[in-house]
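> Chains as they are written, first to last, in this note's numbering: chain A, 1 to 427; chain B, 1 to 427; chain C, 1 to 427.
Don't read these hints as lab results, they were simulated from the structure.
Worth double-checking, as some hints may not be accurate.
Each pair may be met inside one copy or between any two copies, as identical chains are not told apart.
Derived pair list, reagent style DSBU-like, types lysine-lysine, alpha-carbon separation capped at 30 angstroms [said to hold, decoys possible]: (1) K401 <-> K66; (2) K204 <-> K170; (3) K426 <-> K192; (4) K401 <-> K118; (5) K413 <-> K401; (6) K401 <-> K117; (7) K401 <-> K391; (8) K197 <-> K234; (9) K197 <-> K426; (10) K179 <-> K192; (11) K153 <-> K179; (12) K192 <-> K153.
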Amino acid sequence: MSSSLIQEVLEPLQSMRLIDPHTHINPHQAASQTLADILGYHYYTELAHSSGMPRQQIEEPGLAPKEKVGRLVPWLRTIENTAQYSWLVEMCQVFFEFDDDRITVENWESLYDRSLKKMQSPGWEQTVLDRSGLDQVYLTNDFDDPLEGFDTKMYVPCLRTDDLVFHLGKAAVRERLQKAASMVPAGASQLKDAIGKLFAHFQKNGVRACAISLPPDFHPAPVSNAVAEVIVAKVFSGQELTACESATLAQFVFWTLAEYCVEFRLPFDLMIGVNRRVYENGVFQGQDLFDTRVSLIQYKVLFNAFPTVTFPVSVLAETSNQELVSYSWIFPNVVTNGHWWYSNIPVYIENDTRGRLQAVPSTKQIGYYSDMYKLEFALPKFAMYRRILAKVLAEDFVIGKRWSVNRAVDLGKLILRGNVEAVFGKN
Amino acid sequence: MSSSLIQEVLEPLQSMRLIDPHTHINPHQAASQTLADILGYHYYTELAHSSGMPRQQIEEPGLAPKEKVGRLVPWLRTIENTAQYSWLVEMCQVFFEFDDDRITVENWESLYDRSLKKMQSPGWEQTVLDRSGLDQVYLTNDFDDPLEGFDTKMYVPCLRTDDLVFHLGKAAVRERLQKAASMVPAGASQLKDAIGKLFAHFQKNGVRACAISLPPDFHPAPVSNAVAEVIVAKVFSGQELTACESATLAQFVFWTLAEYCVEFRLPFDLMIGVNRRVYENGVFQGQDLFDTRVSLIQYKVLFNAFPTVTFPVSVLAETSNQELVSYSWIFPNVVTNGHWWYSNIPVYIENDTRGRLQAVPSTKQIGYYSDMYKLEFALPKFAMYRRILAKVLAEDFVIGKRWSVNRAVDLGKLILRGNVEAVFGKN
Amino acid sequence: MSSSLIQEVLEPLQSMRLIDPHTHINPHQAASQTLADILGYHYYTELAHSSGMPRQQIEEPGLAPKEKVGRLVPWLRTIENTAQYSWLVEMCQVFFEFDDDRITVENWESLYDRSLKKMQSPGWEQTVLDRSGLDQVYLTNDFDDPLEGFDTKMYVPCLRTDDLVFHLGKAAVRERLQKAASMVPAGASQLKDAIGKLFAHFQKNGVRACAISLPPDFHPAPVSNAVAEVIVAKVFSGQELTACESATLAQFVFWTLAEYCVEFRLPFDLMIGVNRRVYENGVFQGQDLFDTRVSLIQYKVLFNAFPTVTFPVSVLAETSNQELVSYSWIFPNVVTNGHWWYSNIPVYIENDTRGRLQAVPSTKQIGYYSDMYKLEFALPKFAMYRRILAKVLAEDFVIGKRWSVNRAVDLGKLILRGNVEAVFGKN
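Okay, chain A solo, but in the shape it has when bound (with noise of 0.2 angstroms):
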């Protein structure tokens, strides 16, 4: 009975349309062009690395698409259990008409040539976007990405600034500023207004969020001018910064951010929690992993220094989601956002998923986004969410509070849609 319940719930769930809030899609490739853009994601291919495969293996210069897959393939026995594999047998039974239900030695090389011909077909972006139900698919764009070429209706631009407020001691992205700002900023406020020309650039170009990834000893602060000047001046001068120093000129350019984020009417999306590089000879963007001990207290003077900024919050681990719910609850410019990364598997999400529902406001959680950087992997992901959330509507709700099915699926509709039109706009 529960779970014929469950499936009560879930099915209108499963056939609305969805705008997906999150994700690093490549506008101009979105969909995979071969099996290898798919299990070269890197959840696969740092668990295969994890599992015993040397990095070398897959990352050879000018390895094969072909050839990469059928590397991988034998190591995908060790982790038939995770759910990101789930994810993977799903895309390919669903867009590869693929039958059975493990990718092995022996059948991958079917499986890769039928997929090849499907995604070599003239408009598999649109079927696999079709057979998504995807309306709209938010991006992460670099701050000097000129966002041309492609439908910003459909791809939405998202301004993301990790390298802004923490690598601009780079030379390279201080030259991707100034080229993106047409301007050399000399001191704290020619860089303030070289930040906000890329906001202009991207609100002519249907902006709808300002978007980064903290660590977890990033403590958010106004900067006054006259500290940051020396400062900016030494950094863009071609001085390397003290450690002291980046921290500050991180903070200034964060909070400048913010700022913008009040002139130009921008939620401000921050995930909160990661550490970058900590395991050094991982495979590509395989590398970063986190430490628990950090907390939303570190953003207690943003949050009250910017009460009309939007800011929906991604927390990295499990043990962060009470406090998440807990700013949610009394800030009313904190809003939940997603299952992140590491937290992004069921046991989590459905935990996370049941204190959210009992205890934050209805209209201030945004369920879930992919993080995809391949089309592909929304349709998985998402029913993946889907279920889950079903079930708790089923449980907490239908069972447990005697609500209608209607009633819960409508709880279920705002978490996974209509918030997001709501925080990040219209189309």
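On the provided structure of chain A, position chains B and C as indicated by the hints.
Coordinates of chains B and C only, in the frame set by chain A:
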């Protein structure tokens, strides 16, 4: 079957009479006078504010109760999913003959009027007590409370000490202490004497516990009279203390309280982990949050130094529950106490209850307290807890350990009431 | 249906033979001699003490075993709810033909006498091994253990190194090291040589792992011989070290151990997070607790520096499990290991097992070890784990992923035993 088994365990738990060992009830006005007393509870005002309601709308000076409720009701729509909303509807259904399952702009006014009649009827307070099955309600009394004009057998005094420990730097607090103790403490030993007088006054009036809420960064430690002497003299001469002196004074006063708990044989309720005024523009009582980076290891010195004092400990974050379980399993004087504030929602209560029942001696667990400000809240809050307790007892004990229903119910009764009497003393 | 499915998964897991990869068994006296050996396990003495039993009652010098049990039994009443008590009853039922489900002041004596006969019967140790299905039991050997007089194929040596890393400041430990290594280390390289001799001795005797338990504030780091030289000379000349010097010496010795793990091709078991002697008046072995504020980021340098050493990692707190899952998912040399101490109760085991099975390669998970001091404990502890494992496999894999029962059972067998052999080496 499982759900009928839960029901079988639940029924005897529901029909038992209760002692509520921690509330904020004003014994001179224990029950609500209007629906505004209920909807004015910070759980509703802060959630409504979080959803977008301007604080000023409900904190306008001179606002009439009915108008206040009328302004809050439209915002309830956004929090129908929350556990807190479920308490509200259950209260209205049980106490005010409310038949709907939603309070809306259409039906609130008749609910308001009908509830007003009930609350104005003679003996409303007793009606609520009877209907809720409350034998005793513990209070949270200011240290200078005269404790007069109410039945201290029914409304049991507890000495709340936050002001003494953390706010002696405020002139108003020092004046209250001087008046209550009839002396002006000029040094450390005199401050101890003054505090001793408070304990004596409370003991004459049937006090059952000393209680305090503590920020995440607090570390109890003994402070010698010699060290305290200068600081006490300084603060009572009206000079401002440094942050370091304030911290030392807090430790000195806190340690003094524990010493008096020995002398007066009182349990010392510790409510660990709240940061005050994190969101300074929040509604009344809706400004506090927390930092999960707190550990009971901070209390090592205290627990070791006072083996004869029982410490019923509440933790604010679910991430602290396993420490609480483990410290209660090891330290004879540490007892688990309720499910506090941000942890007082079903997903956390259930998980925490499981951990406690699986690893802490049955005699060392105080299951629940309501933390209520108005009497009507005990009923839905304890009802929520009893449903969860019955579920855990049915699943983990009757099914999991093949206990008889009676045996499981006996354990539930111990947790719900027996231990309250054992720890705080029988009437 | 679900419960019969769990049973179907459970049966083949129950009938398989086991290797227990971490215990504190004394191979010269592996089984219990009286019920006092079982009830004297710190899990019972500390819970009884926590419930109110004075420590002296059971730590009285010269106390006869039967009298000790008689003094403990009345306190069992208060811990019947605990998982630990369930192990006790299961042991008595399986090994001692105990028919009741409670051990009481009425029935304990006949249980004591009957169990005494069993334990005194010839071949009791073998009986327990057979009944428990144990093929091998790993030990925790002092660094100066002669490793003689027992079958090291059955009772497998593991080199426990806490004393070397944290207690070289104690004269007794230095003397033991000098005797075991037949040399007096006067400097850093000599200390390394001495430790190398221990490894060689252990390797001659079939050692399978180097192991250590670590406090929450420990940070591994390389220390140069030059820096270590002075400190080693100082400590071995009998001078007291400063706290800072002790910490550096601990880092130096720890790093040296990791280097020998490379040379001797041994896994290095890390048991992370215990604070020793937190409750100094606690019963024997019942004084240690923890601080959840620990992170695997502290081990970043170690994991990167020793890619060829496998680190089976145990964490003490459930709040550390997601980090363990994520670090095992990224680092090829990090493996999840069991459910340690305060996390060894069903609610935490179940949640942690789910997380690991959903996100860590199947080949990188060591499901369980008993941590036992007496042989009889393997049976109920592994039984508890197998029931939980079967439940998770049935729910998340057979139902959740539509795996066949056989496929789920194969995964369970890998977790339970296959990975133990793969990580620590086959017989």
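> Which hints from the list above does the structure break, by number from lowest to highest?
none
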